[in-house]
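**Student:** Starting from the known structure of chain A, fit chain B onto it as the hints suggest.
These protein sequences, in sequence, are chains A and B.
Anchor point for the first sequence: position 96 equals 139 in my numbering, and the numbering is continuous, going up by one each time.
Anchor point for the second sequence: position 45 equals 88 in my numbering, and the numbering is continuous, going up by one each time.
Watch out, some of these pointers could steer you wrong.
Copies of the same chain look alike in the list, so a pair counts if it fits in one copy or across any two.
[What the hints assert, rightly or not] The list that follows gives simulated cross-link-like pairs (lysine to aspartate or glutamate, EDC-like), each with its CA atoms no further than 20 Å apart:
| no. | residue 1 | residue 2 |
| --- | --- | --- |
| 1 | Lys137 | Asp284 |
| 2 | Lys137 | Asp149 |
| 3 | Lys126 | Glu242 |
| 4 | Lys100 | Glu160 |
Please keep in mind that the hints were generated in silico from the structure rather than gathered at the bench.
Small disclaimer: the values here were computed from a predicted structure and weren't measured.
Each chain, letter by letter, is given below.
There are 2 protein chains.
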Amino acid sequence: MNNSTQSKLILVPAPLDFGCEAQAPITDVLPLATIQTASRITHWIAENAKSCRAVIKRIGEVQSLTLPLQQHSITELPRQVHKKGDHAGAFDAKPFLQAAIKQALDNGAQEIGLISEAGMPAVADPGSSIVRAAHALGLTVQPLVGPSSLLLALAASGQNGQSFAFVGYLPIDAAERIQRIRALEALAKKTGQTQLFIEVPHRNSALWQALLSSLQSNTYLSVASGLSLPNAQIRSATVADWKHRAAPDAALPCVMAIGV
Amino acid sequence: MNNSTQSKLILVPAPLDFGCEAQAPITDVLPLATIQTASRITHWIAENAKSCRAVIKRIGEVQSLTLPLQQHSITELPRQVHKKGDHAGAFDAKPFLQAAIKQALDNGAQEIGLISEAGMPAVADPGSSIVRAAHALGLTVQPLVGPSSLLLALAASGQNGQSFAFVGYLPIDAAERIQRIRALEALAKKTGQTQLFIEVPHRNSALWQALLSSLQSNTYLSVASGLSLPNAQIRSATVADWKHRAAPDAALPCVMAIGV
Numbered sequence: 044m045n046n047s048t049q050s051k052l053i054l055v056p057a058p059l060d061f062g063c064e065a066q067a068p069i070t071d072v073l074p075l076a077t078i079q080t081a082s083r084i085t086h087w088i089a090e091n092a093k094s095c096r097a098v099i100k101r102i103g104e105v106q107s108l109t110l111p112l113q114q115h116s117i118t119e120l121p122r123q124v125h126k127k128g129d130h131a132g133a134f135d136a137k138p139f140l141q142a143a144i145k146q147a148l149d150n151g152a153q154e155i156g157l158i159s160e161a162g163m164p165a166v167a168d169p170g171s172s173i174v175r176a177a178h179a180l181g182l183t184v185q186p187l188v189g190p191s192s193l194l195l196a197l198a199a200s201g202q203n204g205q206s207f208a209f210v211g212y213l214p215i216d217a218a219e220r221i222q223r224i225r226a227l228e229a230l231a232k233k234t235g236q237t238q239l240f241i242e243v244p245h246r247n248s249a250l251w252q253a254l255l256s257s258l259q260s261n262t263y264l265s266v267a268s269g270l271s272l273p274n275a276q277i278r279s280a281t282v283a284d285w286k287h288r289a290a291p292d293a294a295l296p297c298v299m300a301i302g303v
Numbered sequence: 044m045n046n047s048t049q050s051k052l053i054l055v056p057a058p059l060d061f062g063c064e065a066q067a068p069i070t071d072v073l074p075l076a077t078i079q080t081a082s083r084i085t086h087w088i089a090e091n092a093k094s095c096r097a098v099i100k101r102i103g104e105v106q107s108l109t110l111p112l113q114q115h116s117i118t119e120l121p122r123q124v125h126k127k128g129d130h131a132g133a134f135d136a137k138p139f140l141q142a143a144i145k146q147a148l149d150n151g152a153q154e155i156g157l158i159s160e161a162g163m164p165a166v167a168d169p170g171s172s173i174v175r176a177a178h179a180l181g182l183t184v185q186p187l188v189g190p191s192s193l194l195l196a197l198a199a200s201g202q203n204g205q206s207f208a209f210v211g212y213l214p215i216d217a218a219e220r221i222q223r224i225r226a227l228e229a230l231a232k233k234t235g236q237t238q239l240f241i242e243v244p245h246r247n248s249a250l251w252q253a254l255l256s257s258l259q260s261n262t263y264l265s266v267a268s269g270l271s272l273p274n275a276q277i278r279s280a281t282v283a284d285w286k287h288r289a290a291p292d293a294a295l296p297c298v299m300a301i302g303v
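The following block holds chain A by itself, in its conformation from the complex (with noise of 0.2 Å):
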């Protein structure tokens, strides 16, 4: 009999404040159903322990937690992953899952909660391997609703959201950066796609240059930052348009689309 296969995988979302001075109530960003489910679960997958930990704490202060925090078991994601990505050369999660499961029922637990510092684990994050091996081992993958910025960000950028593409952060050498920024205007011009891409602070203002001076004057180029914040910045213009505005804050990330 395969033990696994009564067990459960839990995608937690968490509060996209990470990082953050302040910090909004966790009940403003997850529903209570979220709330709820995660403050079951005491086996954890975590991109960061300690962020992981965070997270629980605050679920704690508004829902009580099955186990004290102290007593929860988590284990960050295998080193590869957070090295080469979830899919590069013959990765195979499932004895790390499988490790995990064990450790789990061990305790009496069938769920396990995979979490990353930010959002939807598994979207614009590390996790889809684990994901994966959940599906091989039989497990039911249970995603909890929550706050993404990709999503947030497409939404409210005015951008075609009924065909769009995440290609997650562009090349650092300036020469390959630019050649990618008008390979995605090209597919945009050509598909209709939009193309969404996130960038890290200390990066934001080389990027922004670059669009500005390689992108054509009609393409439609929109940045996100601060999403479901206080201070979210949402704006939307022609590149011609962004010309003659101000660049976008650049100490926060942000999440950029171009399109048509």
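**Tutor:** Using the frame of chain A, we list chain B on its own:
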């Protein structure tokens, strides 16, 4: 002075149980801040007025509405958006939005809600032309946190969530559909980008047969339905494995994904 710059367009996510017999409390899927903000809105632009009223009613059951439902102003999206999409031809939603802003301001309201039948407005649903017009008119655009079937399906698929595309519906014509399936598979294999698409229940079986007969055996194929609902089904396997399994329940709208 442009009055519209005082106004705000608020993107209100709707529960995913549109048209379902059993409905969970709205607090299960919408966070408190979403419910509180939505309860203040009295002027709406909706994909469907009837489903908009149903959501307002459910919000009113858990949070006092600023105005009774009967006094809300609900305007359906322009006919052109329903028929041709948001960005077809030279459609400009500014006059439509300006009329809605004027009506709201005449009633002392600065907030306008945009809502679709299920999930996030303007994502896999109409409404992005209204958002674009809001940016052009200088409105603040505020997206509220809520459920999205695409996002839940992607997270739970175990497929690459760090590069993915949503391509809408596949062609209805059998030959064109197979051609499109093969093109999406080739793209996924070449770039590693997960390809998501949706289908309506009465075409699920035909699409499923086309997928199993035309995809390569080592391609991953995921199917999700009933997301965020008690009867959720989320399964992911290689095409080779799917050939030994029962086809997914064809009675519900599905999100499907192919990838490597």
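**Student:** Which of the listed hints are broken here?
**Tutor:** none
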